[in-house]
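What follows is each chain in one-letter form.
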Amino acid sequence: GAVVSQHPSRVICKSGTSVKIECRSLDFQATTMFWYRQFPKQSLMLMATSNEGSKATYEQGVEKDKFLINHASLTLSTLTVTSAHPEDSSFYICSAREGFLRGSYNEQFFGPGTRLTVL
Amino acid sequence: AQSVTQLDSHVSVSEGTPVLLRCNYSSSYSPSLFWYVQHPNKGLQLLLKYTSAATLVKGINGFEAEFKKSETSFHLTKPSAHMSDAAEYFCVVSLTGGGNKLTFGTGTQLKVEL
Numbered sequence: 030g031a032v033v034s035q036h037p038s039r040v041i042c043k044s045g046t047s048v049k050i051e052c053r054s055l056d057f058q059a060t061t062m063f064w065y066r067q068f069p070k071q072s073l074m075l076m077a078t079s080n081e082g083s084k085a086t087y088e089q090g091v092e093k094d095k096f097l098i099n100h101a102s103l104t105l106s107t108l109t110v111t112s113a114h115p116e117d118s119s120f121y122i123c124s125a126r127e128g129f130l131r132g133s134y135n136e137q138f139f140g141p142g143t144r145l146t147v148l
Numbered sequence: 002a003q004s005v006t007q008l009d010s011h012v013s014v015s016e017g018t019p020v021l022l023r024c025n026y027s028s029s030y031s032p033s034l035f036w037y038v039q040h041p042n043k044g045l046q047l048l049l050k051y052t053s054a055a056t057l058v059k060g061i062n063g064f065e066a067e068f069k070k071s072e073t074s075f076h077l078t079k080p081s082a083h084m085s086d087a088a089e090y091f092c093v094v095s096l097t098g099g100g101n102k103l104t105f106g107t108g109t110q111l112k113v114e115l
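Protein chains in written order, with the working numbering: chain A, 30 to 148; chain B, 2 to 115.
Honestly, I wouldn't trust all of these hints.
27 Å max Cα-Cα, derived DSSO-like pairs, lysine-lysine [claimed, not checked]:
{"#": "1", "chain 1": "B", "residue 1": "K102", "chain 2": "B", "residue 2": "K69"}
{"#": "2", "chain 1": "B", "residue 1": "K102", "chain 2": "A", "residue 2": "K49"}
{"#": "3", "chain 1": "A", "residue 1": "K93", "chain 2": "A", "residue 2": "K70"}
{"#": "4", "chain 1": "B", "residue 1": "K59", "chain 2": "A", "residue 2": "K95"}
{"#": "5", "chain 1": "B", "residue 1": "K70", "chain 2": "B", "residue 2": "K59"}
{"#": "6", "chain 1": "B", "residue 1": "K69", "chain 2": "A", "residue 2": "K84"}
{"#": "7", "chain 1": "B", "residue 1": "K43", "chain 2": "A", "residue 2": "K49"}
Keep in mind that the hints were calculated from the coordinates and are not lab data.
With the rest of the complex left out, here is chain A:
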């Protein structure tokens, strides 16, 4: 099956610094990648949708200047948390979808997630 990786798996940073998280589709080309956030014991919340070569579409309430998303190639998307604060501590998960919509649905393949802790 399709594999999506994330790097790093875990990161601890100081308040005020920026952190970059990478999401890669290892064996397919992902025209669309999604970024989710998951708080402890809670569900996944979609933060933004990014299409290769264009600007990301952010969900309501997500600060685009704080969570910078770049999808420069068909296999790589990055999420940069700028000027991180303790409230940004969370589990960030990406997913990737191959190609264009065929029929009613193209499966999203999820990465293993990145645990961010801001001190």
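Got chain A; can you put chain B on it based on the hints?
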């Protein structure tokens, strides 16, 4: 608008007994419905999906779910639980043709005891 409600935050079963994880959905249009499983520190894995074909959907690892439009339900079942089934399960809805935006339920933690 679309949403899913997972009625139980925790379910505990004995190994070898049936599993039932409940999910109700709300959608203005024909939905696609999914169940995902998340093991600790692992990515989400698709168990099964309903996309307007057969209402009884069979998935991996012996799981299945039945789409019941009259009850707006998509409950996940397995005849016999295994220790390895212990994980977090998410019911997810997506609007058909809606750009694949997924809306996740709050999750059900399944515990399997000896």
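Original post:
Taking each numbered hint in turn, which are not upheld by the structure, reported in ascending numerical order?
Top reply: Structure breaks hints 4, 6.
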